[in-house]
Amino acid sequence: MTPATPPTSTALSQISPSLRFGIVLAVLLALSVTAFFLALAPFADGQAWRSPLELAPIFWIPVLTGFGSFLIAGWVWSLRPDDLATRLFAISGVATLAFTYAPAIRYSTRLALPEMATTTLSMVNSLGASSFGIAMIALCLVYPTRLPGVRIWMCLNVGVFGLATLGALLGVLPSAVGVHLITTVEMLFIVIAVIGQLVVSRQDPAQRAIALWLGLAILFGAGGFIVTTAAPSVFNGQPLIPAVYSFGFFLLIYIGIAAGLTRFRLFELGEWAYRVFFYVVGSALLLLVDISLAVMLPIGPGTAFAGALIIIALIYLPLRDVFGRMLLPRPDVSDDQVFQSIVDVALEPDAARRQRLWQDLLQRLFRPIEIQATEFAGPEAHIVNEGVEMLVPSLRQLPALQLRYPWNGRGLFGPPHQRMAARLTQLLDHVESGRLAYDRGVATERQRIARDMHDNIGAQLLSALHSPDQSRKDTMIRESLSDLRDIINDNSAADLSLEEVVSDLRAETAERCAAHDIQLDWSLQGETGRALPPTASHALRSVMREIVSNTIKHAEASTLSIAIVADGRELNFVCQDNGKGFDPMTVKPGNGLENLQDRLAALGGELATLPTPEGVTTKASFPLARLEG
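Residue numbers (my numbering): 1 to 629.
Calculated from the structure, these hints are not laboratory results.
Pairs of lysine-lysine residues, derived as DSS-like cross-links and limited to a Cα-Cα distance of at most 30 Å, are as follows:
#	residue 1	residue 2
1	Lys580	Lys619
2	Lys473	Lys553
3	Lys553	Lys580
4	Lys619	Lys553
All figures in this text were calculated on a predicted structure; none of them were measured in a lab.
Go ahead and model the full structure; you've got the sequences and the hints to work with.
Right under this line is the structure:
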């Protein structure tokens with residue numbers, strides 16, 4: 001496959017596109033003013049000029065068609081003046097301007113034109129029509145790719161059709177060989193050139209989309225003119241519609257070719273082409289069946305049209321869906337399968353396998369020829385290289401991916417695929433967020449169990465170990481087992497008053513201190529009847545048990561003083577022993593103190609352990625209003 005002819009620099013490329021387009025617009029306006037002057041001018045001196053509103057459609061339709069066609073062709077050429085394809089497109093615009101303005105002037109002017117002028121306008125019309133066909137054949141030979149032997153075909157195109165046109169205009173050729181026959185044959189060669197482009201570009205989805213779109217635009221534009229006007233004239237029949245009215249078909253050509261040459265939304269051109277083709281074929285079949293029923297059966301027009309609608313609905317529409325599924329690629333994965341695959345990717349713990357599952361899902365949905373990791377920092381999927389590639393953003397531990405040549409190289413990525421990829425990434429991110437939240441919940445629960453095991457169960461088992469009373473030891477072990485079940489199940493008891501919580505805790509602490517010959521000094525002040533939520537009661541027990549355990553194991557103290565004060569806002573307690581203390585520069589806090597600090601921080605409180613000349617003082621507090629809220 002040979003690429004289109006590369007542009008060569010000329011003097012026109014040195015000026016700005018706006019200036020080039022200004023030149024095109026100036027020429028177009030000058031010709032249009034001339035056409036309006038000839039159409040509105042009075043047929044004799046002293047007569048009034050016509051109003052533009054008096055001009056018939058036989059003037060407006062060709063002029064608007066020629067104006068729009070030349071304007072579009074000139075705009076595309078002004079953007080890329082050195083490109084062969086845009087040059088040929090501009091030449092076709094000049095030809096269209098010729099074969100539309102000439103008959104508009106000829107049939108609308110009231111001036112008594114000399115025979116030479118009338119003949120000249122007729123020849124300009126014929127020459128413009130044939131030149132349009134020559135330019136379009138040449139365009140289809142070089143764009144989107146250069147066909148094999150393009151130079152030979154270009155010479156034959158210009159030579160054969162150019163000489164045939166001159167021969168027909170000069171009367172050298174037989175009368176049967178008129179311009180209408182030449183343009184009809186040119187249309188046949190345009191179709192052949194488009195088929196050649198489709199064959200040559202079959203391995204390149206981008207070029208194939210352009211070829212299909214250009215071919216469809218030319219087929220329905222020029223083909224509409226040939227079918228309604230040129231072909232009936234070749235067979236000595238009457239045109240289905242007047243030639244000037246059929247000029248409107250050419251605007252379709254220029255709009256379509258302009259989209260192809262500028263590669264406007266290239267990734268959608270192929271799908272648009274198929275959709276337009278199916279709709280046009282459906283409309284044509286509806287008219288054909290309607291006419292056939294009206295001619296062949298003794299029924300009225302309304303009955304024939306209703307029968308045609310039924311036949312199209314029962315036969316054509318199902319066939320259109322079948323061919324549409326064959327020509328327009330669609331993923332063969334159901335929504336349920338997509339959701340299940342997303343969940344599998346999100347819940348897979350192994351990173352390598354998660355990446356494989358994610359790529360497998362994208363492979364099933366888009367069937368790209370290549371999937372590879374890439375550097376892409378965008379937040380959403382992005383189409384690049386005119387639909388040949390799509391970039392999928394990275395997700396947490398999944399790398400960004402580059403997908404190339406979807407549908408096994410038979411299509412291009414478009415906005416629907418981009419939206420699908422965006423939905424996939426959003427869904428995967430949502431499921432992964434749920435999985436991470438679950439993992440955080442599991443980790444938090446494990447930390448809670450470990451903390452409660454250390455703070456409560458450890459302290460109780462230590463007390464049971466040192467208790468001389470066997471029955472009391474059994475009781476404490478049973479209480480430890482009960483607390484263990486509560487910790488595992490995270491049971492939340494009913495609110496208890498501060499006095500009730502402290503009463504049980506004081507008895508437990510006094511027994512533990514007595515077992516180690518430590519004198520306990522206990523003080524409770526403030527709102528002792530205030531109800532404590534389960535979190536506050538649990539925190540108070542844990543802190544007190546850990547402090548007492550540290551005093552028993554490390555302080556070598558003989559006395560322990562505990563003061564608890566509850567005011568309207570927070571609960572404060574101070575524990576002080578007369579032990580040996582510690583050096584804060586050399587002693588690192590253990591898991592117990594760290595657990596207490598984490599627990600109190602979660603409640604909005606704080607903990608401080610300070611050495612004093614008389615031992616160690618531990619201060620703790622947490623807000624009650626926040627817990628109750």
